[in-house]
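**Q** Chains as they are written, first to last, in the working numbering: chain W, 25 to 352; chain Z, 25 to 352.
Check before you lean on any hint, since a few could be wrong.
A pair holds if it fits inside one copy or across any two, identical chains being indistinguishable in the list.
Straight-line Cα separation of at most 25 Å, DSS-like style, residue types lysine-lysine; simulated pairs [said to hold, decoys possible]:
id	residue 1	residue 2
1	Lys41	Lys130
2	Lys172	Lys276
3	Lys41	Lys131
4	Lys268	Lys301
5	Lys167	Lys206
6	Lys276	Lys130
7	Lys131	Lys172
8	Lys130	Lys268
It should be emphasised that the hints constitute simulated quantities derived from the structure, not laboratory data.
As a plain string of letters, each chain reads:
There are 2 protein chains.
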Amino acid sequence: MRVSELGEFELIDMISKLIGKPAKDKTILGIGDDSTAWRTDTGIELATIDTLVENVHFTLDTITYHELGWKSLAANVSDIAAMGGIPLYALISLGLPGTTDVDDIKKLYEGMIELTNRHNVTIAGGDVVKAPQLTISVSVTGKATDDKMLTRSAARPGDIIAVTGNLGTSAAGLKMLIGKLKFSEETTSLLRKAHQQPQPRVAEGQMLVQNGVKAAIDLSDGLIGDLGHICRMSRVGANIDIDKVPINPIVKDHFANKALELALVGGEDYELLFTAKPDIIDKVRELIATPITVIGEITREHAGKVLLLDANGNTIDFQKEGFNHFSR
Amino acid sequence: MRVSELGEFELIDMISKLIGKPAKDKTILGIGDDSTAWRTDTGIELATIDTLVENVHFTLDTITYHELGWKSLAANVSDIAAMGGIPLYALISLGLPGTTDVDDIKKLYEGMIELTNRHNVTIAGGDVVKAPQLTISVSVTGKATDDKMLTRSAARPGDIIAVTGNLGTSAAGLKMLIGKLKFSEETTSLLRKAHQQPQPRVAEGQMLVQNGVKAAIDLSDGLIGDLGHICRMSRVGANIDIDKVPINPIVKDHFANKALELALVGGEDYELLFTAKPDIIDKVRELIATPITVIGEITREHAGKVLLLDANGNTIDFQKEGFNHFSR
């Protein structure tokens with residue numbers, strides 16, 4: 025069977041089972057969460073790895089090297105943020121064609137450094153190899169805040185579902201870039217930045233874990249897909265009130281009836297989605313300056329599934345679930 | 025300027041300078057050594073990252089998926105071994121075409137698991153992405169043995185230069201595979217294994233650091249190239265007695281006058297090259313079961329350069345210095 029037939033998540037599942045036995049000895053969380061985690065004498069260490077491939081995950085027609093440097097690190101730092109953790113060190117393995125301009129590599133690293141400086145992360149090492157297209161593998165290590173973690177498996181029936189910031193802005197930015205859509209300078213800049221220089225919610229993740237939140241994920245695949253991961257790993261269901269999903273007014277204005285789809289399946293917003301009891305949600309909404317929006321609730325029913333409800337509480341059929349990296 | 029004109033090591037140097045400032049705050053060793061290292065409350069942590077790209081670093085014509093899994097992890101575990109460290113956790117980011125057979129991915133992970141089981145390393149996490157060709161990024165973290173490390177910058181004039189095992193066997197294996205050379209079953213198996221399933225010298229590295237050795241590197245680029253790294257980073261020179269370079273008799277028999285070249289510039293043996301005062305070398309030769317061969321000495325003269333000497337002490341001109349990944 026081909027990987028494209030099996031699907032990304034089934035492939036990861038197969039790999040998890042293969043390496044499952046030794047992993048259980050020492051690790052707290054193996055493959056399947058945003059980061060992997062293991063206990064040491066002084067606390068819990070976190071680590072994550074991710075690869076961006078030219079013409080699969082980005083094209084140099086629409087992203088600058090500086091932005092690409094930022095984004096490649098932001099995605100990994102966001103994985104640590106999704107655990108409520110403190111990102112500390114980054115390792116970068118760069119694959120590039122011999123024809124690459126040295127100045128472009130300089131810009132790539134400057135973008136990485138801008139992001140790491142903002143989050144007090146140290147680029148500790150890496151390597152450079154030849155490759156037919158630009159390939160950026162980043163590994164970020166960190167530690168858990170106060171020995172506690174946000175995980176995908178801790179959502180419980182009765183939990184409220186909330187998200188930081190707005191959803192769909194990044195996907196709107198991608199649509200603008202690919203479609204070469206012309207908007208005002210301000211709108212163009214906002215949408216471009218949302219897609220190319222996302223802000224990992226590091227401080228927010230740490231405040232969530234410090235205030236009793238236990239379940240979270242960062243929105244990289246899209247709301248439905250990522251909430252689906254939480255549902256499967258927590259063996260719970262989820263109801264989303266689609267009218268409550270926060271969408272930037274600029275996205276609503278410029279993408280009209282497409283805006284909700286962008287918010288539901290768009291991906292790459294790198295906002296945090298988390299679940300907790302109502303009193304905890306109330307507390308963190310007061311403490312965290314970033315806007316937090318309640319969008320639904322965790323249910324005992326329809327475990328593993330995300331239901332979308334309209335204003336009247338009717339279920340909406342929405343086929344597109346997340347982003348299967350191999351099928352498109 | 026293109027990357028191919030600048031050269032791999034100059035590119036790494038440029039990157040080191042770019043990220044140099046923040047790295048100095050927290051890291052003990054940044055880019056430039058086998059692994060990067062930083063101090064924590066409980067000791068020194070080590071981390072390394074490396075990427076193998078199909079048709080650049082390997083071709084599926086000559087390597088099985090099982091061997092590839094082994095080799096991709098062995099290279100990183102060897103980087104930790106070169107620091108005298110204890111490898112602990114591996115993260116794997118896999119890029120692959122959708123057409124890849126799922127069974128092949130299973131074999132790839134089985135190869136990885138065989139290697140990690142042997143060295144008590146846990147595959148703690150990773151991800152899978154789509155890519156136009158098979159791309160394997162591996163990051164391995166570990167810790168320093170007794171808070172001490174082997175580095176590339178600790179060689180001193182008067183040190184003896186020694187290596188574990190034999191050199192050139194891996195390159196001979198590659199020559200056999202590419203040239204489809206026909207040898208006896210035993211020879212074929214030995215050469216193939218040397219190239220496709222190298223043995224990282226983990227236990228040996230730990231014994232070196234425990235017994236007072238301070239300078240080492242693993243032989244991935246080739247003896248001359250890798251010893252050159254030590255010379256530049258330690259600001260010393262090196263003299264190699266070419267007659268002393270250990271070569272497997274099978275390689276001598278089958279590759280005749282090419283055998284020495286394979287041993288000097290072949291690469292990917294993943295043996296350890298180390299330097300220390302004569303009494304320390306004598307001690308570790310007694311303690312370590314793996315054969316250790318003295319091949320030369322570190323000098324104050326011709327700093328940064330490796331000189332090759334024949335049996336009469338005359339210098340030999342050997343142009344090919346190591347393996348510049350971008351120029352061929």
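**Q** Could you tell me which of the hints above the structure violates, numbers in ascending order?
**A** 2, 5, 6, 7, 8
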